[in-house]
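A.B. asks: Spelled out from the first residue to the last, the chains are:
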Amino acid sequence: MVKHVVLIEDEPNIIEAISFLLRQDGWQVTTHSQGDGALEAVREAAPDLVILDVMLPGRSGFEVLQELRQDPGLGNLPVLMLTAKGQARDREAAERYGASRYMTKPFSNSEMLAVVRELVA
Amino acid sequence: MLSFNILVLVATLYVGLLFGVAWAADRRARRGQLGWMRSPVVYTLSLSIYTTAWTFYGAVGSAVRNGFEFLAIYLGPTLVFVGWWWLLRKLVRVGRSQRITSIADLLSSRYGKSAMLAVIVTLLAVVASTPYIALQLQSVARSFSAFASRGGTGIDPPDVNVTAFWLAVGLAVFTILFGTRSIDVNERHHGVVTAVAVEAVVKLVALLTVGIFVVWGIAGGAGDILQRISAADLNTASASGNRWVALTFLSATAIICLPRMFQVTVVENSDERHLETASWAFPLYLFLMSLFVLPIAVVGLAELPAGSNPDLFVLTLPIAHKQEALAMLVFLGGFSSATSMVIVAAIALSTMVSNHIVMPLWLRMRRPTAEISGDVRDVLIRSRRLSIAAILALGYGYFRFTGGSEALASIGLIAFTGVAQMLPVLVGGLFWRGATRRGAIVGLLAGFAVWAYTLFLPSFEGSWLMSADTIANGPWGIALLRPQGLLGIMGVDPLVHALVWSMGVNTVLFILVSLVSFPSPLERMQGVQFVNVFEHSSGQGPKGNVAVEADDLLVMAQRIMGNVTALRLFREVAREQGKGDGLPDPTPEFVDRLERELSGTVGAATAHAMIGQITGGTTISVEDLIAVADEAAQIMEHSAQLEAKSRELARTARQLQVANEKLRELSIQKDSFLSQISHELRTPMTSIRSFAEILRDSRDLSDEQMRRYSGIILDESIRLTRLLDEILDLSVLENGQVTLERATGRLSEVIDKAISATVIPGQDARLKINVSEEADKIEITTDLDRLAQVFINLVSNARKYCDARDPRLQIRVGRDEDRIVIDFIDNGSGIPERHREIVFEKFSRLSDASAAGSAGLGLAISREIMRNLGGRIEYLPGQGGAAFRVTVPVSPPEPSHGVN
Amino acid sequence: MKEQVSPQFLDRRSYRRKRLIDAARLLPLFGAVLIFQPIPLLFIPSGGGAVTLAVYLFVLWLGLIVSAFLLARRLGRNAAAD
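Chains as they are written, first to last, in our numbering: chain A, 7 to 127; chain B, 7 to 906; chain C, 5 to 86.
Just chain A, with the same shape it has in the complex (with noise of 0.2 angstroms):
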């Protein structure tokens, strides 16, 4: 069964290089490039895991997560927190926000992968 991934992105060149990676890993691979919206393409893709940038157009990515948190439907869904501000701030944040990964970009390829399919798993 091919598992389905989001990925909410705002930047071209990381999109295409994350969709490049899980999709060779055997992943389904939906993107979206806005905070606003995201919810709305999560709820259609019904997806089995869902990777989150912080820094998006319209609206944060943890403003994303706690609507994500709050609604019935997707409240379990695992979420990958990627941000490119590696601060602790932001780490205590996502974590209160609950995501149940977090990354600082840059990152490894193997190790994202990894994360992902520890999650679905």
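Keep in mind that the hints were calculated from the coordinates and are not lab data. Using N, Cα and C, we set each Cβ at its ideal position, and we do this for glycine too.
Facing chain A, according to a computed beta carbon distance under 8 angstroms, are these residues of chain B, among others:
1) S681
2) R688
3) T692
4) S696
Heads up, simulated PhoX-like pairs for lysine-lysine below, C-alpha to C-alpha not over 20 angstroms straight-line:
5) B:K806 x B:K759
6) B:K783 x B:K759
7) B:K676 x A:K91
8) C:K22 x B:K96
For each label pair, taking beta carbons as the anchor points, the in silico distance ranges come out as:
9) A:D31 x B:P838: 38 to 44 angstroms
10) B:F679 x A:S116: 32 to 38 angstroms
11) B:Q663 x A:S116: 52 to 58 angstroms
12) B:R772 x A:G79: 42 to 48 angstroms
13) B:T745 x A:D31: 50 to 56 angstroms
14) B:R577 x C:R81: 48 to 54 angstroms
With chain A held as given, fit chains B and C onto it using these hints.
C.D. replies: Here is chains B and C on its own, set in the frame of chain A:
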């Protein structure tokens, strides 16, 4: 033999001499030539009024009757003067610093200027002194008789009463002439004091001469006299026991409290240091006065016929031995003793009576019309004169009433006990701040009542007010209330009994009532002034005879109301009084008005007290009032300073808060700046790392994929580099460390260069740019490369963000005298108003959608460049699309930024 | 009151003056005790003869005068030197 006429002649001549001395001294004093009149010797001699006719004649009588008792009368004052450091020093200082006029004035002013206390003390003094004055009249009259009874020739001696009458009249005239010549604020009478000093010498010389005559003329020298004393049946027990102690205590009290002694010791004192001399010289005077008392007594007892009056031994011994000249000298000595005492006592008493009884009554009766100060002065002098006459009349009346039958000494001791009632109140007032007016009044009245009941009234032996039966058995036969045996205490000497009871009741009530009552503010103020007199006053006392004048009032008013207000008030009143530019007279209206004005500043009670003190008397000196006013001013100034300081502190605190706020903002800005930089660096690095790993790890990539991914890595690397360049550039610009390279060029060339720099090769240049022709005509001198950088940023922004279907950029150029304005206006949707401020901030990308590869530092850098070029860049609202205006000065700015 | 605020260690002259004042204060108390004769009465219950008593009192008196004179002179000179 001396005839009575010669005696009268000599006495008259002597009085004439005294008149002359007093007159000359007064005249010198008024000319300011005080000289020897202010010497400690004159001061000491004037104190000798303590030794009256009672001691001059009566000491020998006392020695005959009671042995050594007469010595106690001298030893008490000796102790007081030897111990001057305790009491007299303070008393004199208080008297001088408070300008005290009498003992009544002292007590009343200590206890809050109490009029009632003054009246009580005055009445007490008059009652206690009247018999004493009578005693003096009696002794002089008797000495006349002593001569006359021996003289066979001449006119028959007149009635003793007549002699006493004319003596009283003469003394009244003398006292009025020299005691009321001027109403001096200090109540000093140089003429009288000088005359008294002369009399002091006469009586000492007289007594010493008699003594020498008796010892070496009648007896066989010192050895013989000692033998005679030894043989005489003198009462040696009299020099011990409670009566001895009581008499010493009484005489010590009397030298302080007797109104006439207070007059010469305190009021007439012109220099505090005279006390130093008097401390030993006055006891020496007393010593010499009593040295020959015992010899005269024992020789008189032996030589004179039995039944002779021992009170007159001093006079009758020379007469018996036909020493007429000596007898005359003795007569003059006794005469001096009596007259000097009466004169000073009359002055002291009349001052009290007129100041504390007559004047207050008169002022109350005539208050509405008492306007002119001269008027008051006349009344004061007249009331003094009347008081003197009245006091002598009283003395004469008492003499006639008692018929001259009393033993001399007992009257003296009764008077001493009466005035001793003032001692607790006086000493308490000087040393105890807690002493109150109520306590003083109650203590005095009680002591006075007990004295009258146990000693004064019984002394009439049933002939006046108190019956002999009451004296013997108590009123209504109640034995416990027997005047000379209160509560059944019998067998005690009546004098000691009265002294212990009156002083005991007096002191206990004074202390108890003082403890439970509460003093008025003025009382407390005066209490401090008296008790701590050595901290509040200098030894010199007030300079000159400073009568209270408008000057004093002005000085005080200035201290309290301020110079301008006070002067305006005084000038206004002076004009109303028709005095032009001078100072106004202190009329009652003016004083009332001043008091009202002052009460606005210091409160009604204080103003009343201050004005009352200045105009009404001498309780507090003007200097003290000024000190109070100064203190108040200092306190006000101090609190104003404190207020200013606290305002300043509050200001500083606010400034600190602002600075702190700014620092906090800066810190937040720095954090967010670092956070932004981190984000901007990590984002390209993520792509670079990810694709680098893909290229390394993935074996089955197509050539096209490999080329594409390598291209991404390259682009992101360039982005990183550019980002770092921009950050460095911004840092340099912000710190003002940039070096500007000025050059002159055509504006159109700069714009063209910028436009061509923004064209990315191989990309379709959709944006249509239109530059106004003005640009060709404008030459500009500035750092052309930097200006081009700003233009590049603006044009590339328009390329990136202009969202119109057919994007256009209009570049308009204009200039006025000193600056060039370049506007960049596109036809897109523009920047929303809420973002117009933040577009110039660092990392302020509004939307990332089409801005990949931009760090959002462009406008921030542009702003810093324009600042360095002396111009500015701002958003230009209302132009349809996004519009920026760049303003550059025509002339180059001072190269200050480059230098710094 | 003043003594409390003044310095505890005084120079020699001030110290001397304070002791002079002490003496001036003590002199009348000393005199009173001797005038009231509690000590002579202890030894001579009858008070002694008239001459003895007279000489005692007059000599005592003169002693007080001389002491007062010396104290006043030294106090005056001391104050004048201030």
